[in-house]
Structure formats: C-alpha cells, structure tokens
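Q: Residue 67 in the working numbering sits at position 65 of the sequence shown; the count goes up by one each step and never skips.
Among the clues, some could well be false.
Unchecked claim - Derived DEER-like restraints, expressed as beta-carbon distance ranges: (1) 33 <-> 67: 29 to 37 Å; (2) 77 <-> 10: 32 to 40 Å; (3) 9 <-> 77: 31 to 39 Å; (4) 22 <-> 45: 31 to 39 Å; (5) 92 <-> 9: 21 to 29 Å; (6) 7 <-> 45: 16 to 24 Å.
Don't read these hints as lab results, they were simulated from the structure.
In this text the structure is predicted, and so the values were computed from the model without any measurement.
For each residue, glycine too, the CB sits at the ideal point set by N, CA and C.
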Amino acid sequence: MLAVEADGAEITTIEGLATDGKLDSLQGAFLDKGAVQCGFCTPGQLIAARALLTSNPHPSVEEIQEGLAGNLCRCGCYFQIIEAVAAVAEGEPR
Numbered sequence: 003m004l005a006v007e008a009d010g011a012e013i014t015t016i017e018g019l020a021t022d023g024k025l026d027s028l029q030g031a032f033l034d035k036g037a038v039q040c041g042f043c044t045p046g047q048l049i050a051a052r053a054l055l056t057s058n059p060h061p062s063v064e065e066i067q068e069g070l071a072g073n074l075c076r077c078g079c080y081f082q083i084i085e086a087v088a089a090v091a092e093g094e095p096r
C-alpha cells in the first residue's frame with residue numbers, strides 16, 4: 003500500500019504494540035519461540051499477526067499461514083513464527 007492510501011487512517015507501528023514499556027504478548031512470543039533472526043521481516047510479521055488475532059482470536063494453523071502470507075522471511079523461520087502466533091492464540095503464558 004502506498005502511504006497516500008493510508009491518509010486519515012490510524013497506523014500502528016511495531017513500537018506501538020508495546021504498552022507502558024512492556025512488550026506485547028506477540029513480541030514476547032516471537033522472542034520466546036526464536037521467531038526473530040535477522041529482523042528484516044519481524045515488524046511486518048508482528049503487525050500482520052496482531053491484525054489477524056484482533057479479527058480472529060483463535061486461528062487455525064492454516065489461518066495463521068494465510069494471515070501472514072504477504073510477509074517473506076529471508077531466514078526461513080516460518081515454523082517459529084507460526085508457533086509464536088499460535089502460542090498467543092492459545093493463551094500460552096510467557
């Protein structure tokens with residue numbers, strides 16, 4: 003999407019996921035599950051995952067894969083990313 007297409011919309015960045023200096027549950031799960039390597043894809047993965055969980059709090063693995071399909075991970079840690087999103091969806095404690 004071009005920036006001009008977001009004119010007037012509310013935009014959340016990766017920094018906006020944290021609250022009062024505390025990481026969002028997804029950010030923590032990404033760290034816990036080793037879903038961050040080079041960090042190139044991490045912001046997009048986290049924002050897409052948060053949007054998915056907001057609209058569908060308990061997605062299946064297939065729904066997680068579909069929700070994150072637009073983000074490419076150069077390190078190939080897709081399994082860990084899906085595992086992290088699923089852990090948050092299942093309410094797994096940190």
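Q: All hints are to be evaluated individually against the structure, with a verdict given for each.
A: Checked hints:
1. 33 <-> 67: 29 to 37 Å: violated (21 Å)
2. 77 <-> 10: 32 to 40 Å: At roughly 35 Å between Cβ atoms, residue 10 and residue 77 fall inside 32 to 40 Å, so the hint holds.
3. 9 <-> 77: 31 to 39 Å: holds (34 Å)
4. 22 <-> 45: 31 to 39 Å: violated (20 Å)
5. 92 <-> 9: 21 to 29 Å: violated (37 Å)
6. 7 <-> 45: 16 to 24 Å: holds (19 Å)
The earlier numbered hints that this structure contradicts are 1, 4, 5.
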